[in-house]
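S.K.: So the chains spell out like this:
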Amino acid sequence: MTIDYSRQEMMAIATGREIRDGELAIFGVGLSMLAGYFAQAHHAPRVRAMTEGGVYGATPVGGLPWGIECNRLAVNAVSFTSALDALGCLVASGRCDVGIIGAAQVDRFGNVNTTGIWDGKIGASYRPPKTRLTGAGGANDIACGAKRYLIMVSHEPKRFVDRVSYVTSPGYLDGGDAREQAGLIGGGPTAIITTLGILRPDPQTHEFQLDAYFTFSGVDEILANTGWDLKVAADARVVPEPSPEELAALRRVDETGMLRR
Amino acid sequence: MPTNKLITLAEAVRRYTWDGMQYASGAALPVGSDAIVFGRELLRQQRRDLHAIFHANTQQLNLLAAAGAVTQAECGFSGLEGFGFANGLRRAIEQGRLVLEDFSNLAMALRLLGGALNWPFIPATVNIGSDLQYRRAFEPDVHPNPNKIPSVTDPFSGKRIGAFSPLRPDLAAIHVTLADPEGDAIMLGTEWSRFELSRAAKRVVLLADAIVHTDCMRQYPNLVRIPGIIVEAVVYWPFTAWPQASPGMYDVDEAHMKAMNQALGSEHGTATYVRDYVDSYVDLDGYLDLIGRGKIAELSNGATAFLLDPYRRWLLSHAEALALTAAASA
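For the protein sequence lines, the chains are A and B, in the order given. Under UniProt numbering, the residue at position 134 of the first sequence is numbered 134, and the numbers go up by one with no gaps. Under UniProt numbering, the residue at position 125 of the second sequence is numbered 125, and the numbers go up by one with no gaps.
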């Protein structure tokens, strides 16, 4: 049986499959939120989800929320607290099991840039970016403090770079044990899930390598869209296609079809 | 005799703001609570050279930046959540008219907490190891920069951590859902960092969507997270956060969010926006007419309106709130 679905939907489902039932989880506003709430709607009904404003118990109603305080999310919350509470007490503290963040650029060690795009390297002296992006938000706090986190990003050469020009949210920095050396509490990114496949870090060097591809993609297409010399895991495999139940659950969450555009 | 701190918006800006000040606002991420009308009034009174402290960017900072009123800013998130990039802010940064110092959202809350407690610094376990620590826009020639989030040693474990500087803005203009005339306030929705901000700022002005009788605060004292004794003045202004959302009161105005952000993407669009939506109204009623009475009804009768139900019996009418404002000014 063939089911029609978009690459973005496959990315969201593959991301959601990483979330386990019962985990304490934080989802940012955006497509990553759809992946997280898909997991809750499908296989992780007891996931303990929150957003960075300290909005607890809320699940999106009527489509992807515009923000954490719009009616689509605020309508069924059981607790509103604060940034200090959600990002501090529950995430930076090291208590949160899993977070999902997005990226404008990501590099071989899973470092994420959402601050800006410069023409070339920034250089010794800081200067304004050619294109200013959205900044760190709560993503840096998730990247620093969560036990593990997932990076969800569209797979294009301009986004997959050897070294990000600005590290907004730390992955494994220079690789190896650089995260621990820097004093970071959280465990770092365990997967980069893209529109073409899944990358996972080598346990020692922490360099990301190709772990899996989708039925509609393949190793060659992924290598061509990655801006560094991507290693392919010896046991690289194909990711199972979305089941009808998974797609139905995702589309209930993604009521306005953001992932089908 | 209870104090009546209600004053007009124009008077609040005249009394508590000046060119070059450190001005804090931006209550709850870009789509929620924020004292946006205070920013509109700052432009009407032509305040310049502001150093903006916004926990996260909002349409207020987007507008102030687009119009050239802000030269320095510190914030966590600098986009507009589901509405994309903040065109006015990004244009000002890219053109070098505004220098933005980047932190994370938790860092901004912690720095406000540090200001509130008058701590010399706040231990940092986030932002460290990234360019948020090593790149300092306010001191661009020093890299890696040791002065933004200096590395320090935890005296107990001996481990390396960072140190955040505290924030003590000259003024915080804080949007709240409900305030009584003395400045006791209830916020529906996430507090974000309004608790910390209200204690960190040297002065606090509240902008309230509705004024309630003080009996409301006596009924729900646990929910009053900003007490009147730290508040200088209260401005009654329904739809303070428009086009953003105020849970229980009104939902986000999607069409205006998009149109406003598109306008702020260019010099010409910004001038037109300022003419039509900043300089055009004379008073509160004129402002509400500008939004449109039909639009107000539509945004007010949304899915979260039930959040306001417990408080409705204490709401003062529009006429009563305006009369109290007039009485305080007399």
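Where hints are given, some of them may not hold.
One-sided and incomplete, this derived list gives chain A residues near chain B with beta-carbon spacing under 8 Å [what the hints assert, rightly or not]:
hint, residue
1, G88
2, D141
3, P170
4, V239
Taking CB as the label site, the calculated pair distances span [unchecked claim]:
hint, chain 1, residue 1, chain 2, residue 2, range
5, A, G63, B, R48, 34 to 44 Å
6, B, P150, A, D177, 18 to 28 Å
7, A, R163, B, R44, 23 to 33 Å
8, A, G218, B, D154, 24 to 34 Å
In the SDA-like style, the derived pairs of lysine to any residue whose C-alpha atoms are separated by at most 20 Å in a straight line are [as the list claims (entries may be wrong)]:
hint, chain 1, residue 1, chain 2, residue 2
9, A, K130, B, G265
10, A, K130, B, E94
11, B, K258, A, R261
12, B, K159, B, F121
13, A, K121, B, V142
14, A, K121, B, Y134
15, B, K258, A, L133
16, A, K158, A, Q181
17, B, K258, A, G257
18, A, K231, A, E207
19, A, K130, B, F121
20, B, K159, A, G94
21, B, K202, B, H51
22, A, K147, A, G94
23, A, K130, B, I229
24, A, K158, A, Q209
25, A, K147, A, T190
26, A, K121, B, G96
27, B, K159, A, Q181
28, B, K202, B, D170
29, B, K159, A, T190
30, B, K202, B, E232
31, A, K130, B, F85
32, B, K258, A, T256
33, B, K202, B, I229
Everything labelled a hint here was simulated from the structure, so no lab data went into it. For every residue, glycine included, the Cβ atom is placed at its ideal position computed from N, Cα and C.
S.K.: Does each hint hold? Answer for all of them.
M.R.: These are the hints, each one checked on the structure:
| no. | hint | verdict |
| --- | --- | --- |
| 1 | G88 | 5 Å, holds |
| 2 | D141 | 4 Å, holds |
| 3 | P170 | 5 Å, holds |
| 4 | V239 | 28 Å, violated |
| 5 | A:G63 / B:R48: 34 to 44 Å | 41 Å, holds |
| 6 | B:P150 / A:D177: 18 to 28 Å | 23 Å, holds |
| 7 | A:R163 / B:R44: 23 to 33 Å | 46 Å, violated |
| 8 | A:G218 / B:D154: 24 to 34 Å | 48 Å, violated |
| 9 | A:K130 / B:G265 | 15 Å, holds |
| 10 | A:K130 / B:E94 | 6 Å, holds |
| 11 | B:K258 / A:R261 | 18 Å, holds |
| 12 | B:K159 / B:F121 | 17 Å, holds |
| 13 | A:K121 / B:V142 | 16 Å, holds |
| 14 | A:K121 / B:Y134 | 15 Å, holds |
| 15 | B:K258 / A:L133 | 17 Å, holds |
| 16 | A:K158 / A:Q181 | 29 Å, violated |
| 17 | B:K258 / A:G257 | 19 Å, holds |
| 18 | A:K231 / A:E207 | 9 Å, holds |
| 19 | A:K130 / B:F121 | 33 Å, violated |
| 20 | B:K159 / A:G94 | 16 Å, holds |
| 21 | B:K202 / B:H51 | 15 Å, holds |
| 22 | A:K147 / A:G94 | 6 Å, holds |
| 23 | A:K130 / B:I229 | 46 Å, violated |
| 24 | A:K158 / A:Q209 | 18 Å, holds |
| 25 | A:K147 / A:T190 | 10 Å, holds |
| 26 | A:K121 / B:G96 | 18 Å, holds |
| 27 | B:K159 / A:Q181 | 9 Å, holds |
| 28 | B:K202 / B:D170 | 5 Å, holds |
| 29 | B:K159 / A:T190 | 25 Å, violated |
| 30 | B:K202 / B:E232 | 10 Å, holds |
| 31 | A:K130 / B:F85 | 14 Å, holds |
| 32 | B:K258 / A:T256 | 17 Å, holds |
| 33 | B:K202 / B:I229 | 13 Å, holds |
Of the hints listed earlier, those the structure fails to meet are numbers 4, 7, 8, 16, 19, 23, 29, in rising order.
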